[in-house]
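> Take a look at the letters that make up each chain.
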Amino acid sequence: MPHKHTRADRGAASPRTVRSHQELEFRALLDAAVDAIIVVDHHGTIEEFSRAAQQLFGYAPDEIVGRNVRELMPEPYRREHDGYMHRYMTTGEPRIIGTGREVRAQRKDGSIFPCDLSVGHVRGIEPPRFIGFISDITARKQADERLRRSETELQLAQKLANLGNYVMHPGGETADYFSPQLHRILGVDDSERRIVRDEYLEKWVHPADRKRVSEAFERMDAGQTPLDIEYQVVLKDGIVKHLHHIAQAMLGSDGTILKHVGTIHDVTDRRRAEDEARVLQERLTHFSRLSTMGEMAAGLAHEINQPLAAIATYAQACQRLIRQPDHDVEDVLAALEQINAQALRAGEVIRRLRNFVKNREVKREPVNCSRLLEDLRTLAETDARLHNIRLRLDCEEPLPTVYADPIQLQQVILNLVRNAIDAMSEAPEDRREVVLTTRMAADREVEITVIDQGTGLAPEATEHLFNPFFTTKSSGTGLGLAISRSIVRAHGGRLWHTPNDDCGARFHFTLPVSPAVTTGE
Amino acid sequence: MIKEQKPTVFVVDDDAAVRDSLRLLLKSVGLPVEVFESGQDFLDADRDDRPGCLVLDIRMPGMSGLELQVKLNERHSILPIIFITGHGDVPMAVEAMQAGAVDFIQKPFRDQDLLDRINQALDKDAGSRRMLAERNMIRKRLESLTPREREVLDLVVAGKANKVIAGDLNLSQRTVEIHRARVMEKMEAHSLAHLVRMVLEVERPEA
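Protein chains in written order, with this note's numbering: chain R, 1 to 521; chain A, 1 to 207.
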């Protein structure tokens with residue numbers, strides 16, 4: 001409260017002791033104003049310094065009244081202020097008077113702050129006086145700065161993440177918002193142009209995805225389900241992109257759609273990388289299958305050679321029989337029937353082989369494990385027989401079906417059987433048997449186990465067993481188990497091994513039961 | 001040359017079709033044939049002392065062809081063996097030949113090739129059996145000699161003259177001559193050379 005005598009102090013110089021009514025009003029006005037108010041004469045000498053001004057600048061009235069207003073300014077204003085005033089006084093041309101602008105001011109402690117300044121010219125008194133209104137805009141400037149920065153950061157983040165966002169108003173009464181990155185993703189200029197949904201579906205969304213996307217939009221509009229969909233778009237220049245689109249409709253109390261808020265993520269690179277990884281994995285899987293077959297080639301040759309030998313012998317026997325005048329027609333007919341059957345048998349081996357080896361799309365379907373093992377038997381037994389090893393199947397019946405790619409499953413089993421056979425190459429006659437079992441395990445899983453009585457697993461081998469390119473065989477690729485495990489995992493199962501009771505090893509893997517039906521047809 | 005048995009072709013193969021086709025082929029050329037599914041079946045049937053030959057698959061589950069060959073050798077079987085092999089079984093075929101197999105043939109085979117081999121094997125078997133029969137006959141004749149006659153025979157085969165034998169055995173030369181004539185008669189020897197050959201036949205190679 002030290003300033004109620006400001007004017008009076010100065011008034012001491014001019015002999016006035018009684019305050020006029022206007023003066024009291026003016027005083028009250030000055031002190032009540034939130035903005036700092038400063039009155040100066042035409043030289044810039046401060047005559048009045050309101051309470052808010054005192055708080056803002058940190059001067060007591062007697063410290064500042066009578067001094068030049070320059071002192072409240074930092075350079076370069078301080079230096080130039082006399083010039084401004086002089087110019088106005090001589091030309092009458094206002095620069096700041098009546099308009100206001102943003103400037104910087106300096107406190108008593110030397111600190112500088114941004115402020116809005118507006119100046120009024122008090123006419124009709126001599127000397128002319130000027131009233132300045134000053135409001136501190138530090139907080140606003142900081143908020144502005146923060147906003148600007150967060151916007152910049154958001155844009156940068158969107159650019160880096162290749163993610164754009166938007167707000168759309170179907171009513172059209174409020175302006176839509178598309179972030180700059182969204183414009184870039186969709187390949188349009190940063191124009192103000194609106195993109196409405198029908199146009200988007202028509203001109204951007206890939207024809208193959210159009211129906212699906214349109215239906216998803218409708219579901220979102222209908223109510224609670226947010227949109228969460230991946231689809232492809234084709235840009236004007238023909239570039240195809242994979243987008244992940246998430247959005248939600250904001251409904252008014254009457255159920256009308258106020259706005260759609262959404263993000264669109266350009267996942268093209270990720271999808272492409274995933275595709276490449278998948279193709280690579282498939283090639284590797286196929287390669288591993290081929291090499292398994294390569295290892296089994298001798299056995300397969302034998303398997304095909306058997307029916308061929310039988311066919312040749314039957315045919316030659318027929319030729320001899322027919323030349324004999326008193327031959328038994330039944331013998332010839334039986335032989336011809338056998339020739340037919342054996343040709344089919346050879347064809348069947350080749351068909352299984354081709355099925356197993358050909359490069360194909362991965363396709364999952366309900367699979368009856370016992371039947372799969374029966375199917376596999378021809379291929380597996382071929383190999384076993386060549387190494388003088390028995391193959392025994394022990395299938396629990398009935399078993400629920402699993403949802404799997406049958407060829408990949410055969411690949412896993414065949415690989416485990418091959419390993420079992422190799423592990424028993426030195427085993428004595430009474431132990432030369434591989435047992436294949438299927439059974440229902442806990443948790444709605446089917447467990448398939450391949451049991452051998454071979455050399456078992458060395459502790460140092462078990463550590464690396466599933467590492468790609470780890471092999472204990474002289475001619476192995478080291479991919480079999482690594483790929484088998486990745487196939488089983490991709491089917492939602494597990495693959496592991498345990499020691500067998502007496503000697504050898506057991507390899508187990510599980511597959512989840514397919515959800516639909518529990519018994520194979 | 002007593003029991004006049006017709007030679008039989010024995011076939012051991014685990015593959016039903018191969019086995020049956022061989023049976024039919026051999027039947028078509030009029031050869032008696034008996035087929036077996038495994039080596040053990042053949043051993044159990046105890047046919048290996050009958051004349052004929054064995055057509056044997058080299059690769060079988062359980063007892064392999066080679067293992068059956070070993071077991072037959074242990075039984076002193078003289079049955080000639082023709083092995084049937086698949087592709088890439090050459091090392092096994094070599095092993096089989098070293099163990100005394102007469103031949104091997106890769107399947108699929110031409111019927112005439114197989115039949116030729118079978119005929120050779122049957123000839124060989126017949127020859128072996130003739131030789132065995134002859135040895136048995138010689139042994140029987142040897143057994144019919146008295147101990148004294150046997151003594152004289154051994155010395156005769158050793159190339160000694162009657163006079164020396166008479167000295168060795170402390171007999172008169174006349175007595176030695178009588179024993180010697182009895183030996184020639186019992187052994188049905190046409191000449192001294194014949195007698196020596198017969199004795200060497202049974203006493204040398206038997207193992």
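Keep in mind the hints are simulated off the structure, nothing from the lab.
For glycine and all other residues, C-beta sits at the position ideal for the given N, C-alpha and C.
Fair warning: there could be bad hints in the mix.
[As the list claims (entries may be wrong)] Below, simulated SDA-like cross-link-like pairs (lysine to any residue); rule was C-alpha separation at most 25 Å, straight line:
| no. | chain 1 | residue 1 | chain 2 | residue 2 |
| --- | --- | --- | --- | --- |
| 1 | A | 27 | R | 336 |
| 2 | A | 27 | R | 425 |
| 3 | A | 71 | R | 336 |
| 4 | A | 6 | R | 336 |
| 5 | A | 6 | R | 324 |
| 6 | A | 27 | R | 321 |
[Said to hold, decoys possible] Not everything, but these chain A residues come out facing chain R in the computed CB check (under 7 Å):
| no. | residue |
| --- | --- |
| 7 | 21 |
| 8 | 22 |
| 9 | 25 |
| 10 | 28 |
| 11 | 30 |
| 12 | 31 |
> Now tell me if each hint is right for this structure.
The hints, checked one at a time:
In summary, the hint linking residue 27 (chain A) to residue 336 (chain R) is supported, as the alpha carbons are separated by about 16 Å, within the 25 Å threshold. The hinted pair formed by residue 27 (chain A) and residue 425 (chain R) fails the criterion: a straight-line CA distance of about 39 Å is larger than 25 Å. For the given pair, residue 71 (chain A) sits about 37 Å from residue 336 (chain R) by alpha-carbon distance, which is inconsistent with the 25 Å threshold. Restraint check: the Cα-Cα separation between residue 6 (chain A) and residue 336 (chain R) comes to about 30 Å, which exceeds 25 Å; the hinted pair is violated.
The hinted pair formed by residue 6 (chain A) and residue 324 (chain R) meets the criterion: a straight-line CA distance of about 22 Å does not exceed 25 Å. For a cut-off of 25 Å, the pair hint linking residue 27 (chain A) to residue 321 (chain R) stands: about 9 Å separates their Cα positions. Of the supplied interface hints, the one on residue 21 (chain A) holds, with its beta-carbon coming within about 4 Å of a beta-carbon of chain R, less than 7 Å. A least Cβ separation of about 6 Å between residue 22 (chain A) and chain R falls short of the 7 Å threshold, and the interface hint therefore holds.
A distance limit of 7 Å between C-beta atoms decides the matter here; for residue 25 (chain A) the minimum to chain R is near 4 Å, and the interface restraint holds. The criterion of a C-beta within 7 Å of any C-beta in chain R is met by residue 28 (chain A), whose closest approach is roughly 4 Å, and the hint holds. Annotation: residue 30 (chain A) was flagged as interfacial toward chain R, and the flag is violated, the nearest CB pair being 9 Å apart, outside 7 Å. The beta carbon of residue 31 (chain A) is not positioned within 7 Å of any beta carbon in chain R (closest approach about 11 Å), and the interface hint is therefore violated.
Violated hints for the displayed structure, listed by number in ascending order: 2, 3, 4, 11 and 12.
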